[in-house]
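Assemble chain B onto chain A, guided by the hints.
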Amino acid sequence: MQNLIDRNAPWRDELRKAMKNKERTDIARVEMNELDGEYRSHNSEEVNQGLTEEQALMEAKRCLDCPNPSCMNGCPVSINIPSFIKNIERGEYLNAAKVLKMTSALPAVCGRVCPQEKQCESQCIHIKMGKKPVAIGYLERFAADYERESGQMSTPEVAPSHGIKIGVVGSGPAGLSFAGDMAKLGYEVTVFEALHEIGGVLKYGIPEFRLPNKIVDVEINNLEKMGVTFVKDCIVGKTISFDDLKAEGFKGLFVASGAGLPNFMNIKGENLIGVMSSNEYLTRVNLMSAAKDEFDTPVLKGKRVAVIGGGNTAMDSVRTAKRLGAELAMIVYRRSEEEMPARVEEVKHAKEEGVEFRTLHNPIEYYGDEKGRVKQMLLQKMELGEPDASGRRKPVAIEGATELIDVDTVIVSVGVSPNPLIPNSIEGLEVSRKGTIVVNDDLQSAIPMIFAGGDIVRGGATVILAMGDGRKAAASMHAYLNK
Amino acid sequence: MNKIVSKEHFSENVVKLEIEAPLIAKSRRAGHFVIVRVGEKGERIPLTIAGSDLEKGTITLVVQKIGVSSTKLCALNVGDEVTDVVGPLGKATHIENFGTVVCACGGVGTAPMLPIVEALKKAGNKVITVLAARTKDLIILEEEMRKFSDEVIIMTDDGSYGTQGLVTNGVEGVINREKVDMCVTIGPAIMMKFVSLLTKKYEVPTVASLNTIMVDGTGMCGACRVSVGGETKFVCVDGPEFDAHQVDFDEMMMRMGAYRAEEQAAMAAYTNQK
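Those protein sequences? They're chains A and B, same order as listed. Just so we're aligned: 231 in the working numbering is position 206 of the first sequence, and the numbers increase by one with no gaps anywhere. Just so we're aligned: 1241 in the working numbering is position 43 of the second sequence, and the numbers increase by one with no gaps anywhere.
One or more hints might be untrue.
To be verified - Covered stretches of chain A (in silico footprint by chain B; criterion: 3 or more residues with CB under 8 Å from a CB of chain B, positions within the stretch not fixed):
#, stretch
1, 212 to 226
2, 264 to 277
3, 291 to 305
4, 320 to 330
Unchecked claim - Here are the simulated DSS-like cross-link-like pairs (lysine-lysine), alpha carbons at most 25 Å apart as the crow flies:
#, chain 1, residue 1, chain 2, residue 2
5, A, Lys293, B, Lys1431
6, B, Lys1431, A, Lys459
7, A, Lys190, B, Lys1224
8, A, Lys271, B, Lys1224
9, A, Lys347, B, Lys1239
10, B, Lys1320, B, Lys1345
11, A, Lys257, A, Lys209
12, A, Lys317, B, Lys1239
The hints are simulated quantities; they were obtained by calculation from the structure and are not laboratory data. Since the structure is predicted, the reported quantities are computational estimates derived from the model, not experimental observations. Backbone N, C-alpha and C fix where the C-beta goes; we use that ideal spot for every residue, glycine too.
Only chain A is shown next, with the shape it has when bound in the complex (with noise of 0.2 Å):
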């Protein structure tokens, strides 16, 4: 194994040779390849289809191989990047997949929603060349996906169980990624999820164009090879108290419940039948599958619909909306493009299929008809006034200037927060005013038997940043263990 990431073995030395820097950087970025933006506004496909092997090839060679990689900076489980490359520049995917592995339990998955732009790849050398950055991301989803194709996944190398019981409390990314790093050292892990399908976010939130569940699937059965066990419609704090627990045996918890509180905007008629969370439609969509036919849950196909916000969930949400046959997906955020928080690519992506984007606008009241239903928007048109506590310019209403919109669903995408479910049932944790697990920087809480990360403790972030939250967990509960 360590042969794969020295960059001193002899095969990494002669790969370095074969090709000058300059004639590295001189190679163009990989375009990633996309399925048709009209036709796949229609259908669930995977709209990023990956990369081929020559494409992949070719992106490898971009990588200089430095010596004090700085995109391993920017990534939050410390990905050992030019290692993968260069496996996959030399042709040897599986090891790659194996290098990806060692750190992340999600390759896969972080493959393809990883904000790699603001992490991993914003500290590529390139860009301090004036140069595109090399697309790590792309490359890191094509190992991921080469080897689960290939049919020989590895397992990685779990150490002889040591028999200490440890509880995962939710089976997202955070808990996901913990349980794979206790697993490998040793611990009996058993992740508890509160719904009936394990991944969390991964399932109920992120669409299938985006993300397939078989995806996820793949890298949880991963998992149980490793030896973590998965138990479904368990609420830690309400089927099983936290004493329960203790007295069954574990010897850690580590919560990572996730922000799974949708907020609301608080204004006039959001209580109209058609307002929903974003939350509510995509886990109909994608939890629920409601808009089969054959699966019981409803789901209100809209044909003009509204979709408050501009982060990655709204995104999810109106290319969601167009799937299902709206004639008119929109976005209506506050701020202008350049402050939205979603992916480059994710407004990109919904631009394509025919998104329409009204920015500089901000809803201020829904009105309904006879039975309840919203029928109207009244959207207040802003501007951008001075730089504001998050550093962005704050969105400035111009009086007397409104607009009203006629829709039929709206769907109201701006943050969560955390689900006091968990903090409000284990006493003696501490939480913030915010609801939020409050933990030191080893993410130990109050209780030092538990320890917590992901949403719950940051209060709405990224799945790398959960993910991070899980490895950093998994090495501070070890480490208190063998005190």
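What follows is chain B alone, placed relative to chain A:
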């Protein structure tokens, strides 16, 4: 998992099921609900727990056939397994010695009222239960209610049993007769609305247990939101019980009709297919 160990028909459309769920049986309190899913393509529906048996490790649900999901659940037999049962969810009923409590319930709302009546009685209250239904055959759990109530008043719309009249007539009779410190009401939204209007008039504090549309039941989706005292609340995590005088029942009833067209179409398709 979740095996049905007994099934009893209260009426043509109302079924009592005892389901194996030892962890829930142990941790549930009066007022809690569960989310149930029948089949891998099924819907998640909330049902308030009507009781549990610690020795058998079972919980009791009383289900009325209304739509596809409840009909599928009622069609299960002893030995069948319910695909998913998760809970206990929501906040438990606040129980203390209030003095005299009137428990006003109608239809299948009677089932989740039973554990509340029991808990109130055990806390030292004088419990007067008003059981209401359209007709005699739909009065359920009378025996069990008598066990824990100081008095049971039966009301039927058609006068086929007990006194003819609505649940509100029964409640008003008690209020006019003696001092009532507290009222709890569970039943159809329209019934709870009128009980609430009545007790508001007499200034009797009243708690209503709401059963709205839910998806996850854990605070994640917000489908269940209701206005309580002008503020939006989530029935699943803030409730299911609220100060009835503060609940906007009209809005709640409106929201419960959100998927009526879809539900009716699905029911028609399900019936045809059978």
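Legend entry - Hint check against the structure, violated hint numbers in rising order: Violated hints: none at all, because every hint is consistent with the structure.
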